[in-house]
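K.L.:
First to last, the protein sequences are chains R and C. Residue 92 in our numbering is what sits at position 92 of the first sequence, and the numbering runs on without skipping anything. Residue 96 in our numbering is what sits at position 96 of the second sequence, and the numbering runs on without skipping anything.
Take the hints with a grain of salt, since some may be wrong.
Straight-line distance between alpha carbons at most 20 Å, and here's what the computed EDC-like set of lysine to aspartate or glutamate pairs gives [stated by the list, open to error]:
{"#": "1", "chain 1": "C", "residue 1": "Lys-475", "chain 2": "R", "residue 2": "Asp-104"}
{"#": "2", "chain 1": "C", "residue 1": "Lys-505", "chain 2": "C", "residue 2": "Glu-529"}
{"#": "3", "chain 1": "C", "residue 1": "Lys-449", "chain 2": "R", "residue 2": "Asp-54"}
{"#": "4", "chain 1": "C", "residue 1": "Lys-449", "chain 2": "R", "residue 2": "Asp-35"}
{"#": "5", "chain 1": "C", "residue 1": "Lys-37", "chain 2": "C", "residue 2": "Asp-7"}
{"#": "6", "chain 1": "C", "residue 1": "Lys-544", "chain 2": "R", "residue 2": "Asp-103"}
{"#": "7", "chain 1": "C", "residue 1": "Lys-37", "chain 2": "C", "residue 2": "Glu-404"}
{"#": "8", "chain 1": "C", "residue 1": "Lys-449", "chain 2": "R", "residue 2": "Asp-125"}
Residues from chain R shown here face chain C by an in silico Cβ test under 8 Å; the list is partial [claimed, not checked]:
{"#": "9", "residue": "Gly-71"}
{"#": "10", "residue": "Pro-119"}
{"#": "11", "residue": "Val-127"}
Hints listed in this document are in silico derivations from the structure and should not be mistaken for laboratory results. Cβ coordinates follow ideal geometry from the N, Cα and C atoms, glycine included.
Single-letter residue listing:
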Amino acid sequence: MPVDTAVRPVRILVAKVGLDGHDRGVKVVARALRDAGYEVIYTGLRQTPEMVVDAALQEDAQVIGLSIHSGAHMTLFPAVVQELKRRKATDIIVFGGGIIPEDDIAALKKRGVAELFTPGTPLQDIVDWLRKRFPRGGS
Amino acid sequence: MKIRARDPKEVWQEEFDSKPSRDDGIETSTISGIPLKPLYTSADLPKREEEMPGVYPYTRGIHTSGYRGRLWTMRQFSGFATAEETNRRYKYLLANGQTGLSVAFDMPTLMGQDSDAPTSRGEIGHCGVAIDSLADMETLFDGIPLGEITTSMTINSPAAILLCMYIAVAEKQGVPASALGGTLQNDILKEFIAQKEFIFPPEPSMRLVVDSIEYCAKEVPKWNTISISGYHIREAGSTAAQELAFTLADGMAYVDACLERGMRIDDFASRLSFFFDAHIDFFEEVAKFRAARRIWARWMRERYGAQDERSIKLRFHTQTAGVSLTAQQPELNVARTAIEALAAVLGGTQSLHTNAMDEVLALPTDKAARIALRTQQLLAYETGVANTIDPLGGSYFVEALTDEMERQAEVYFKRIEELGGVIPAIEASFFQKEIADAAFRYQQELEQKRRLVVGVNEFTVDDEEPMDILRIDPKLEGEQVARVQAVRRKRDQARCSKALAALGKAAAGSDNLMPYILEAVRAYATEGEIMNTLIEVFGVYTEKAVI
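Make the full structure from the sequences, and use the hints.
P.N.:
As structure tokens, then:
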């Protein structure tokens, strides 16, 4: 379903942070978001928080989607949020996915990650969440 | 009057066609999409001479006596936090009847970097045990006699370094390398294809693999030098046939590389081993294992002219499918794992890892790890399934599906050959695209409820009880960083620097690098230092990111 927007689609940067190479999830999500009408840029593997924010600014993305399966989410997700603050780009929304235990989800939300999606999440839930955040596309 | 008896197959077909079928919209093909008939009969049985276990092409197993002679090795993959904590877990598992060790390393170790590298932050000890130098390896195997157990090490880009560390620990225990038994994963091709833990470009990566195979053939003859892995290919989303085909194609690429080095096929082929996934589609998996043995045997004998029976027999380890586990109602994972383990056993695996129910959430707790091991013991000793060799052999369905797997694999071998071989196919993103397509197709089937995962897209509950999970103490990170820095302070720096310089020089030439790496390891050069020495010569690989 295309996003209902007259101006321009939302641009989403999806990134694999951390050292693991498990890119099945990030690729499936990236394709689903693209099919839903979003503009998706995939950074590839092993991006540091600095690289992610650089790419988001360069690509003029409104959203950053982070994926990780190595267990380093408590370090790296907040580091991306911090880097956005440092670069005065807090209007960019950060969400994440991967193997993230329940307790960590609450802690990450407190530290500025807007939403987290764990294994088994229907792709439609991610799309619905984005639609709610950007009801009028990326204008 | 003579009444001609009707063919019972025809009679059944008529009856079947006249009955309504379920209309719940659930796929009746295998999880990989192979269409299945509702019934298989003698008409589906391939016409061929009867196959026997222990006899070429080994479809029914590589051993004449199956599990009557020897059960499979119960080898639980484990490692977390520090070498000291993992050493305790190993002793616990061995005391509980586990018969071999299998080391899981943390991400920095897998990526060849030390714990005090900036990008190791947050990763130390999470996915496995942190090993920075020989000192950590000494702690990991403290009190475990390396001459009496076998150890599997899941490591790829830095595989040669970790093997050298193991050899060096054994030296200190007074155990010669020639007495060591175990397996090194050392399968770099599937890293480029699926798991993506590559560091060097393909060519120098292949050189290191061949160096270790060549070295072990002489010095560590009982060691399985490589575990050619379909597991990660499958977990990344491939179908069963893709797992089978890509893995065996990788195997042949290693054989080609060793032959090119000048080795003789029977000098190394018997130490090549394989590693497959046991997914949830039971019969498809059994067929896959049976087909793998038959294809490998045929290629080794007919294409490569192997004479030694051991070069022709495909031996494999199996792990149940991590990707089939669900974070929702995780106790159900015990049932999933048991069914997958049964497929591995009926497929004739040589060793097996059963996943713990909580592995979808974190590394397993002691209790979950024990239940996983007990599942194998239950299969081996309670169910009676190990009493008969290849009990599904001769089944109309399983034989037909085995042939279908083989047919699909051969189609892929042709396509890979047309692309110029495995490495050119990697560089053209062929495997990566095939796998991503299959993963996306499966995900869509789930979204459309054409396939159900219990507890995930059907039969869900609203209030999930939280499960106790293993937490890695964040203090550990600082401690491991301090440990590696202490190693650097205390070692004989002159010996270490000399060893690293010699390694760098050798890397630029064409010597086998194993003796140089072993000397650097003995001198307590850290893993990161050894890798960086090699990176200076070999460079690093960056992947074209395809969605």
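K.L.:
Given the proposed pairing of C/Lys-449 with R/Asp-54, does the C-alpha separation stay at or below 20 Å?
P.N.:
39 Å, violated
K.L.:
Quick check on the hint: R/Val-127 CB to chain C CB, less than 8 Å?
P.N.:
The hint is violated - R/Val-127 has no Cβ within 8 Å of chain C, the shortest such distance being about 11 Å.
K.L.:
Are C/Lys-37 and C/Glu-404 close enough, with their CA atoms no more than 20 Å apart?
P.N.:
13 Å, holds
K.L.:
Next pair to validate is C/Lys-475 with R/Asp-104; report whether the Cα-Cα distance is within 20 Å.
P.N.:
17 Å, holds
K.L.:
For the pair supplied as a hint, C/Lys-505 and C/Glu-529, confirm whether the alpha-carbon distance does not exceed 20 Å.
P.N.:
Between C/Lys-505 and C/Glu-529 the Cα gap is close to 15 Å, so the pair holds against 20 Å.
K.L.:
Between C/Lys-544 and R/Asp-103, is the straight-line Cα distance small enough, at 20 Å or below?
P.N.:
35 Å, violated
K.L.:
Just to be careful, I want the Cα atoms of C/Lys-449 and R/Asp-125 compared with a cutoff of 20 Å; is the pair within it?
P.N.:
Holds: C/Lys-449 and R/Asp-125 sit about 15 Å apart, inside 20 Å.
K.L.:
Holds or violated: the hint that R/Pro-119 contacts chain C, with Cβ atoms closer than 8 Å.
P.N.:
5 Å, holds
K.L.:
Next pair to validate is C/Lys-449 with R/Asp-35; report whether the Cα-Cα distance is within 20 Å.
P.N.:
19 Å, holds
K.L.:
Quick one, are C/Lys-37 and C/Asp-7 close enough, alpha carbons at most 20 Å?
P.N.:
18 Å, holds
K.L.:
Mind checking the CB of R/Gly-71 against every CB in chain C and telling me if the closest is under 8 Å?
P.N.:
3 Å, holds
In the structure shown, a violation is registered for the earlier hints numbered 3, 6, 11, in ascending order.
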